[in-house]
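Build out the structure end to end from the sequences listed, making use of the hints.
In the order they appear, the protein sequences are chains A and B.
Residue 1 is where the first sequence starts when you use full-length UniProt numbering, and the numbers rise one by one after that.
Residue 1 is where the second sequence starts when you use full-length UniProt numbering, and the numbers rise one by one after that.
Hints are all accurate, no fakes.
Derived, one-sided and incomplete: chain A residues facing chain B with beta-carbon distance under 10 Å:
1. Y44
2. L130
3. V132
4. P133
5. L135
6. N150
No lab work stands behind these hints: they were computed from the structure.
Everything numeric in this text was worked out from a predicted model, so none of it was measured.
Note that CB positions come from ideal geometry on N, CA and C, so glycine has one too.
Residue-level listing of the chains:
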Amino acid sequence: MTATTDAVVGVTTSPEPPTTPGRASRPSARDRFPGFALPALIWYAVFMIGPVLAMIVIGFLSWPGMLVQPGFAGLDNFSRVFADENFWTAAGNSALQIVVGLPVMIVLAFLLAFYVVQKPRGHKVLRYLLFVPALISAPATAMVFYAVLNPDGLLNGLLRPLGLDGAAWLADPSTALGAIVAVELWSGIGYSAVLIASRLDGVDAEIVQASRIDGAGDWRIAWGMYWPIARDFIGVVTMLQFLSMLFNSAQTVLLLTQGGPGTSTTTLSYLVYRKAFVETDLGYSQAVGLILFVLGLLGMGAIRRVLRATY
Amino acid sequence: MAGTARRPLLDRAGSITSGALAWIYAALLIVPLYYFIVSSFKTNEEIFESPLAFPSTWDFGNFTTAIDQADLVPAVANSALTTLGALVLTLLLALPASFALARSTGRLGKAVEGVFALGFLIPSFAALFPTFLLAALLGLFHTRAFVVLLLPATALPLSIVILTSFMRTIPRELEEAASMDGASALQVLRQVYLPICVPGIATVLLLNFLSFWNSYLYPLILIGPDTAQRTIQVALPTLKVDAGTDYGALMAGTLFTLLPVYLVYTVLQRQMQRALVSGAVKG
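Quick look at the structure:
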């Protein structure tokens, strides 16, 4: 058998390919109406779609506190948000987190995955380890890093014998955001690598061997073969991590720095949280939530264009 | 690739770089974890003075301190209760829905499937405040019960996508044979589909176990600080105090919250990895 590009395209990522069986039999009326899906649909509408719709409505309400009767505000919340310096700081922090953090995470995860699928010595141990951050909850991760990064913590303890002065990483405005991004990278790289490795595992070993015989080095095989083959799947992983960074950074920030010192670690998603539950400026909070939602969609579109382009 | 002749150094630059990166990252994973585990047996002074040293004595005092101070025992029970309740509810909702969607051939089924698939895009976190209002509206604010009702909704899109693709692989002939013998749709689901879908169900259970057990913001806001109701993830950060955190106790408490997950992972390692990969979602 000769390895063809068709063999590459035919590789599936999931262990069970979603095959569609031939629909030879005539469907009955019951088959056409998915009645059994109704309870799930209702549940989903009440607990997920409902709150999102409510978020959109509240974004246009003037609602300065829980006990205040809300009134219609039109676009006032948005003009208030856009005039607020804190919003732009938060937007900048989120942008930095994503523009710097996301490419670093994906490129490192890809290299890691490439290494693991070559089955070097110790790859089983490595695969086991890569999963560990995916198992640990956000509070547990945050508490470990709270201990690592405190002025008397592990990081400074390791720097001291090297003659370096550490810092109060989480309390210093110049390092706090970097520390938050580092924690996200720590927990995100391994998981992304495992996902990407599952895709690279499906690449036909024969074509890799063939190009080795033709004299291609590892670097070229990684970026010239594996990357293009896995590009659409890497796109999916990138979107996943993008959404997770954009929306879920609030928990890490809340647990480690509460947006401070000053506003140096206030990200957009943390701003949504703080405005809603600390300052009870509800219209403002949900207006930012709406902006976040739109940014999420725009970002996904952009990632799609970059990583799913036809090859 | 084993067995090939030694290649020149330049050719191997790629694997040397990625290999070095891989093992540096592995060290970055191991060192903090090692630090945190040994710290859970040490006092603050010992932790600060020699962060990587072995504890002088294996004293479990930090664990009892953590458990007492943050009321971890009821918190574990609450987490277990919430997770279990939400898992059962998720299956009760997702199984029939996936069954219906996998068998449906009409346009309506496609549309419903699309609605669930869109769920991946919903920033449920941004809608935390409306969810909080919903809890108040239902009279379930500051209760575990609301979280048990809410979590399955967050898990439905992924669970339905996985189960539907599993059920699509089941040949229709099997089902027709059962119907011919007079089985109702519910019986077909229970006696034909369920046994075949066991791996899919296991995947969904494991994935959701992780995300339910590890969820933080929803329980924090919706259940609140009541020690009789709060979950382990909410209880853990209370060990961190603004002035004078007892790091030993904090690390012991963290270790305590990880034990159930780690136990499940060790027993079901292969299934868990497969589940996480096919689920492609982060808790």
